[in-house]
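Residue numbers (the numbering used here), protein chains in the order written: chain Z, 1 to 336; chain A, 1 to 676; chain B, 1 to 202; chain G, 1 to 155; chain U, 1 to 327.
Simulated from the structure, these hints should not be mistaken for lab results.
Model, not experiment: these values are computed from the prediction.
C-beta atoms are modelled at their ideal positions from N, C-alpha and C, and glycine is treated no differently.
Hints should not be assumed to be uniformly reliable.
[Said to hold, decoys possible] Quick list of the computed label-pair ranges, beta carbon to beta carbon:
1. Z:Glu133 x A:Glu429: 33 to 43 angstroms
2. U:Ala175 x A:Thr593: 26 to 36 angstroms
3. B:Ser114 x A:Glu429: 48 to 58 angstroms
4. Z:Asp137 x A:Thr319: 35 to 45 angstroms
5. G:Lys125 x U:Asp303: 30 to 40 angstroms
6. A:Glu596 x U:Asp123: 32 to 42 angstroms
7. A:Asn219 x G:Lys34: 37 to 47 angstroms
8. U:Asp33 x A:Leu143: 50 to 60 angstroms
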Amino acid sequence: MSEYLFYPGCSMESSAKAYYHSVMSVCKSLDVKLNEIDDWNCCGATEYLSLDITPAYALIARNLALAEQQANGLNTIVAPCSACYLNLSKADHYMHEDKAFGKKINTALAAGGLHYDPGQMVVRHLLDVVINEVGMDKVKERIVKPLTGLRVAPYIGCMLPRPDYNKRYSDSEHPYELDDLLRALGAEVIDFPLKTACCGGHMTQIGPDTAFELIRRLISSADDYKADVLVALCPMCQMNLDAFQGQMNGYFHTNYHIPILFFTQLMGLAFGEKPENLGFGSEFVSAHEAMQRIGVQTPLPDAAKPAPKKPAGLPMPPARARAGQKITIGNEEASK
Amino acid sequence: MSSEDKKPKERIGVYICHCGSNIAGVVNVADVSKWAGDNLANQGVVVSRDYKFMCSSLGQELIQKDIKEQKLTRVVVAACSPHLHEPTFRTACKGAGMNPYLCELVSIREQDSWVHTDKIAATEKAKAIVAGGVSRVVHHEPLIPLKVPIHPATLIVGGGIAGIQATLEIADAGFPVYLVEREPSIGGHMAQFDKTFPTLDCSACILTPKMVLVGNHPNVTLLTYSEVQKVDGYVGNFTVTIRKGARYVKTADCTGCGICWEKCPKKVIDDKFEAGLGYRKAVYTPFPQAVPKYPVIDDINCTYFQKGTCKACEKFCPTNAIDFTQKDEIMTVEVGNIILATGWDLFDARRVPNYGYGRLANVFTNMEFERLSNSAGPTGGNIVLRDGKTTPKSVGIVHCVGSRDKNYNNYCSAICCMQSLKFAHLVHEKTGATVYNFYIDIRTPAKAYDEFYQRIIEEGTLFVRGKVAEITDAARNPGEEGKLIIQVEDTLVGKQRRIPVDMVILSSGLEPRAGSKEVAKTFGISCSADGWYIERHPKLDPVATMTEGVYIAGCVQGPKDIPASVAQGAAAAARILGKIQQKEIALEPIRATVIEEKCSGCRICNTMCPFSAILFHEDTMVSEVNPALCQGCGTCVAACPAGAITGTGFSNEQILSQIDGLLLLTLDKKKEAAVA
Amino acid sequence: MSEKVTLVDPPSAGPVAHEDLSLLNEVSLCTPGDSHLEMCIQCGTCGGSCPSASAMDHTPRAIFAMLRAGMRDEVMKSNTPWMCVSCYYCTVRCPQDIHITDVMYTLKNMAIKSKMVQDSTASDFSRTFISYVKNYGRSFEIGLAGIQNATHLKLAARLPNMIPMALGMLTKKGMSPLPPKRIKGLDGLKKILDRAQELEAE
Amino acid sequence: MTEETKPFEPVMIGFTCNWCSYRAADMAGISRMKYAPNVRLIRLMCSGRLDPTFVFKAFAGGADAVLVSGCHPGDCHYATQNYKAMRRFYLMKRVLNQLGIESGRIKLLWASAAEGQIFANEITKFVEEVRALGPLNWNKTSAEIPVETKEEVTA
Amino acid sequence: MSNKPKFAMYWAASCGGCEIAVLNIHEKILDVDAAFDVVFWPVAMDAKYKDVEAMQDGEITLCLFNGGMRNDENEHVARLLRKKSKIMVSFGSCACEGCIPGLANFSSIKEMVDTAFTTITTDNPDNLRPQTSYAMPEGIITIPTLNTVLKTLDQVVDVDYYMPGCPPESHQIAAVVDLVIAALNGKAELPPKGATIGAGNSTVCDECTRKRHEKTIKAFGRIQLTHTDPELCLLEQGIPCNGPATRSGCNARCPSAGAQCIGCYGPAEGVVDYGARLIAAFASVIDSDKPDEINQILDGLVDPAGQFYRFNLAGSLLRSSKSAQKG
């Protein structure tokens with residue numbers, strides 16, 4: 001049993017209830033106890049920063065301060081939403097790096113009777129905890145119903161792997177952790193080229209032309225690879241790609257139909273949880289058809305874009321090392 | 001304790017330089033000179049003068065005259081930095097019959113008049129500095145430079161073009177050279193290239209004759225497939241331990257006929273010479289013109305070594321030259337000087353994930369392209385995509401991959417611009433494809449380089465000024481389907497562009513060899529933070545290192561092109577030839593010495609020396625400093641708990657007295673304050 | 001066509017109107033941490049990486065050049081920072097380690113304070129969002145979208161399916177049409193934000 | 001106590017490495033950068049030559065502060081000797097502290113031959129810091145000196 | 001009065017161990033008695049200052065003076081004996097370099113007196129403090145006044161020879177006595193003035209039989225908490241042994257017995273500051289290039305100044321009377 005502080009974030013209470021329920025279910029299966037930070041507030045998303053930097057960071061830091069108060073021996077905050085995760089971690093980072101700034105934020109916090117010592121809390125995304133703390137072995141142990149036959153596009157988005165101060169994530173452009181996890185669940189994973197591209201963010205609210213284009217790029221690329229579903233790990237990404245997929249189709253006169261699911265929903269299914277307990281059915285683009293494949297052997301889509309084969313002609317260089325695997329890099333050694 | 005009543009044992013002359021107005025403009029030199037004469041007489045100052053330009057011949061004559069007439073035993077000159085004129089004044093003193101090391105130059109220009117504006121404070125400081133010098137010089141001892149004989153042989157490590165050039169220069173001058181190369185053949189990276197910029201000479205055509213000369217030279221001992229393990233000794237007298245790798249081929253019997261590799265059934269991807277694009281056998285020579293011509297058996301891939309059966313090569317060898325029982329051989333050689341020319345490694349382009357190398361088939365590195373374009377390469381010189389047959393219709397060449405980037409290497413790799421221009425030409429010439437060059441800046445600062453750039457522009461290469469943001473196969477429209485899309489801001493237009501191409505060539509930068517730090521340690525030289533070896537002086541002494549007798553040439557010192565590498569190889573050779581001709585070398589006598597009777601053999605000093613100059617004699621339980629190895633840093637002197645090590649030139653007495661001198665005025669002042 | 005004479009140079013071709021050389025430093029100071037903004041070598045990695053570059057009137061690189069040139073008004077009026085989607089591609093790829101995304105936030109702050117924002121769509125959305133956060137401690141997506149579309153009718157016109165979508169939110173996602181429950185420490189939060197606001201103004 | 005109208009001018013001794021910081025000082029001179037005239041430099045061949053006795057002697061001889069400078073870690077002219085200087089510096093600082101000398105009176109500065117500006121700036125800064133500490137007070141005892149073990153190395 | 005040369009011995013601020021060491025030369029003490037006329041030795045015989053004052057200058061041939069200069073009485077007697085003695089030997093660590101009493105130089109007089117009169121083992125309910133003079137009905141009585149710092153003998157008077165050790169080893173004392181007797185008989189020559197006698201010229205390591213190698217230290221340990229190899233150099237095992245910097249002469253008594261040298265024989269010949277040498281030596285062999293790790297290793301040296309200056313504080317550059325007066 002491992003225990004963490006938990007910062008759910010606003011979306012988990014509203015648009016991403018499916019995520020919330022599936023996270024709870026999966027964590028229970030994996031013996032992960034999540035202690036929700038009492039009386040947490042919104043992280044401000046990307047909006048508050050746009051307006052007023054100091055209050056924005058003070059808003060975020062209030063959560064860190066509460067977490068520090070309630071830590072009770074724990075020092076890790078788990079956030080399932082990439083934006084929340086980034087905001088919390090960034091506030092901690094800048095308060096630490098820029099001492100004057102840290103002092104300023106603490107002056108603000110003091111007005112509400114709070115204080116936060118930068119560096120006290122470690123903020124981690126749920127995926128990171130599942131892969132690196134719980135471990136793939138334990139995940140594999142829990143699988144009772146492999147997702148054999150389901151073709152998935154792993155989609156990480158922006159704010160988990162970037163920015164990469166402190167080199168906190170394996171790879172800021174082509175990370176493979178989610179691929180490995182989904183593959184472990186039994187799914188067929190495409191090498192999704194846009195796995196860390198942008199979902200449109202708040203552009204759906206302020207610049208639909210841009211937003212639709214960004215959504216289209218992702219959906220059409222997933223469709224090119226004949227993915228059955230696209231797997232997300234951030235409520236904002238899921239919402240943009242799911243809720244606006246129809247409008248995007250209208251805008252471009254296309255007819256894509258790619259369900260957008262949370263990785264925890266697929267984990268839950270593989271762990272044998274009932275779909276209704278995992279928030280299935282709440283998606284705009286229905287996953288019904290795709291999900292019918294699970295447990296039932298269905299043939300691969302015939303016109304699927306084939307995975308890049310070994311070239312017949314000249315040999316390829318060996319693939320880039322996966323996370324955790326050490327690749328020898330001349331200069332890394334030199335810089336030691 | 002007080003020695004004020006004692007008569008000073010030295011006769012000291014003090015000379016304060018005006019340096020025109022450089023010093024005199026801020027420091028009241030007359031005051032300093034008078035003060036020193038009056039107040040330092042008790043320390044032995046008998047003459048104190050100031051003069052317009054001490055370094056002028058008149059100034060020097062002034063000192064010489066005083067030495068003779070006033071019977072001076074010590075001289076203190078207060079002028080510019082010792083780094084500038086210490087040799088001048090030492091020579092002047094020597095000319096008057098004084099040991100040059102009894103002269104001390106203290107700086108009142110760089111460290112006083114030039115950095116201060118307060119004239120009173122600067123004058124006070126000058127007095128303190130002079131007093132420090134006077135107190136110090138009393139404890140100077142006459143020194144004689146150490147002379148050691150120089151072994152005429154030279155070790156050259158690395159058989160690339162820089163090492164080859166150096167080898168030929170020295171060997172042609174009639175002195176023996178040991179050339180050690182890690183690979184089975186000499187030639188280095190240059191052997192892999194197709195054409196060389198800007199002349200577009202065939203690389204092999206200009207390199208091979210030199211390789212042959214090295215291979216046949218009577219003065220050259222060529223040790224390929226070998227590595228230096230250990231270096232002992234010091235300038236003029238190095239003992240080098242070399243491990244000769246087992247080739248499993250008796251070179252005395254081998255004719256280099258090639259039947260063994262023809263018959264060998266094991267095909268291996270050649271990630272060295274062919275940059276991973278071609279294949280070799282488990283028994284191989286890296287390339288047809290290899291020097292020496294003898295193959296090696298790669299025991300990691302050889303079926304016999306791995307599974308115990310095969311021996312095809314042995315069966316077919318017409319001269320029975322295969323010998324599976326060979327073992328690595330350890331040998332030692334004696335040399336007087338060493339040149340390190342171990343070259344560079346290619347930056348691993350897989351570290352830049354957004355360029356997709358290793359993930360996207362038709363993204364190539366520069367070394368891969370060299371092999372593609374080389375008519376002796378895996379495609380016979382046809383520039384084709386990874387499928388091995390399709391000729392690209394459009395090619396993007398990306399500059400600065402891994403260079404000039406804080407995420408990877410900060411420095412400019414120096415050769416990529418010209419190399420990329422060369423690639424543009426080759427692609428254009430061989431395929432007629434549309435070629436784009438993506439650059440941040442075009443850097444062509446050498447003879448005929450910019451003319452080459454002009455030529456490439458004229459040939460129709462399209463230049464886009466912008467660092468490529470990403471290379472992707474995710475098409476956004478049908479026009480991009482099946483292509484690699486280079487996404488970049490055309491900074492001159494101020495717009496983002498997506499340029500679909502068939503092939504991308506990454507101009508990966510140069511990196512120090514993996515393990516360069518360890519090699520530096522073996523040879524006792526230092527690395528910059530990047531890993532390049534540090535030269536003695538970046539401008540005025542680029543091929544020497546701080547370690548006497550160890551020189552560097554070519555890309556070990558920093559990224560550079562072929563002409564510069566050749567020039568450095570030749571320069572290092574010239575430096576060494578000069579040394580060998582002198583037959584012996586004078587060493588600066590700043591050295592540490594163990595006073596044997598005071599040493600208790602505690603061995604604390606033993607780990608202090610990075611040059612292994614400290615020897616411990618188990619029998620007498622005493623440590624000893626080898627003066628020829630000692631570089632004079634003084635770290636052991638400071639470490640010795642018993643005070644049993646002394647450092648000539650920087651002894652405890654000298655420095656402690658200098659501290660007293662520097663603080664003399666302060667004490668006077670404090671005393672005055674106390675009296676008041 | 002060539003004989004057509006224009007009396008006034010087009011604005012882009014003329015000399016920079018008011019060079020304000022303190023601008024770059026000001027932006028750098030307002031950004032938390034060390035932004036390395038002054039280190040820009042104008043390579044264009046940011047502009048090349050940006051997923052919404054096509055919607056921007058200047059690429060980020062051009063903005064940095066304009067900051068250097070002291071073109072305060074032009075930068076403040078630019079839509080570039082407002083089109084930033086915070087994807088951080090530019091930040092991780094920048095060869096000079098410039099915290100570009102954070103600089104964009106700073107520019108938005110400065111633009112609002114200087115009242116030079118040209119299109120208020122984005123800034124209004126931020127304001128609405130924050131008003132919910134200030135009043136409830138948490139955000140409220142449906143209310144947010146509603147207000148945003150009501151205030152920016154042009155926007156609503158571009159999103160004809162907004163109403164069925166909102167309905168979908170309520171039915172499918174089981175979202176509540178009511179604002180979120182207020183957090184317990186709302187008073188404390190308000191005090192913190194007010195104090196922060198004062199500090200910001202300092 | 002005498003009434004001082006002029007600000008206290010500390011006297012400081014600086015130990016510099018022949019290959020880096022001494023040259024940095026030369027560089028500052030050649031570039032005519034200005035800094036406070038309170039520091040008097042002694043040239044050693046290497047910061048590794050720095051015998052703590054020199055520092056003790058300087059304090060005992062009336063210096064108010066001591067600067068020790070050498071090549072940046074990894075850049076030592078003699079390969080690794082500056083690390084040895086660093087080790088000694090830390091222990092020396094602890095002992096000086098126990099002997100009643102505030103940590104602020106001794107500073108370790110890494111400066112390469114090219115860093116004339118840094119050298120000049122750091123000296124001016126150091127002089128200011130020591131000026132704030134006032135003259136070295138010998139009658140202070142170890143009990144009166146706050147013990148600091150946290151090391152901060154500049155540049 | 002006999003015509004034998006006169007002998008005096010005095011203790012100032014010291015523990016009395018030196019006197020015991022002299023008596024501990026066994027039958028050799030009879031030689032002393034045979035060769036000398038003992039005129040002044042407060043520990044061994046009754047004598048008054050006024051007896052000494054009455055002597056002629058230089059009347060005493062050999063004076064072994066032990067103890068540091070803690071108060072004005074110590075200084076007075078030191079000056080007196082100097083005047084009356086031909087050969088003044090600074091005898092034992094206290095006289096030579098301050099020794100344990102010299103550790104008070106870390107503190108002010110007030111701190112020192114407070115410690116002496118208020119610690120838990122002191123029965124002083126009225127919090128009384130000693131007064132240097134006090135009016136009694138019979139008149140004013142005085143006790144000596146404390147010096148600000150403890151001084152070594154040679155900081156007050158001119159010294160002919162130094163004989164280190166806490167206390168000096170008896171066999172060394174015997175040798176010195178033999179030498180002086182021989183010199184008096186014209187059979188030997190006395191060493192030059194200022195020499196250290198009754199000790200070696202190198203360091204304790206010279207006499208220590210433990211095996212030693214190149215030294216790299218990853219951690220310092222305290223000997224009572226460490227299981228040490230009896231054959232191996234203690235410093236190599238991380239035990240802060242002062243042997244490498246300490247003058248030889250004791251036959252490496254402590255390291256041979258399994259304890260680290262604490263430095264009672266003082267610095268080796270020519271060393272300016274004993275503690276500075278040890279700082280350089282100990283820190284030099286630390287095996288780390290990382291500031292944090294170095295500091296962590298240094299944390300293992302619990303009281304470095306105490307370790308390096310246990311015997312030497314009053315003779316050190318920074319806490320001797322000379323430097324203390326400069327401020």
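Status of each hint after checking the structure:
1. Z:Glu133 x A:Glu429: 33 to 43 angstroms: violated, 57 angstroms
2. U:Ala175 x A:Thr593: 26 to 36 angstroms: holds, 31 angstroms
3. B:Ser114 x A:Glu429: 48 to 58 angstroms: holds, 55 angstroms
4. Z:Asp137 x A:Thr319: 35 to 45 angstroms: At 57 angstroms between Cβs, range violated.
5. G:Lys125 x U:Asp303: 30 to 40 angstroms: Given range 30 to 40 angstroms: holds, Cβ gap about 32 angstroms.
6. A:Glu596 x U:Asp123: 32 to 42 angstroms: With Cβ atoms ~58 angstroms apart, the hint is violated.
7. A:Asn219 x G:Lys34: 37 to 47 angstroms: Given about 57 angstroms between the Cβ atoms, the range is violated.
8. U:Asp33 x A:Leu143: 50 to 60 angstroms: holds, 55 angstroms
Hint check: violations occur at hints 1, 4, 6 and 7; the rest are consistent with the structure.
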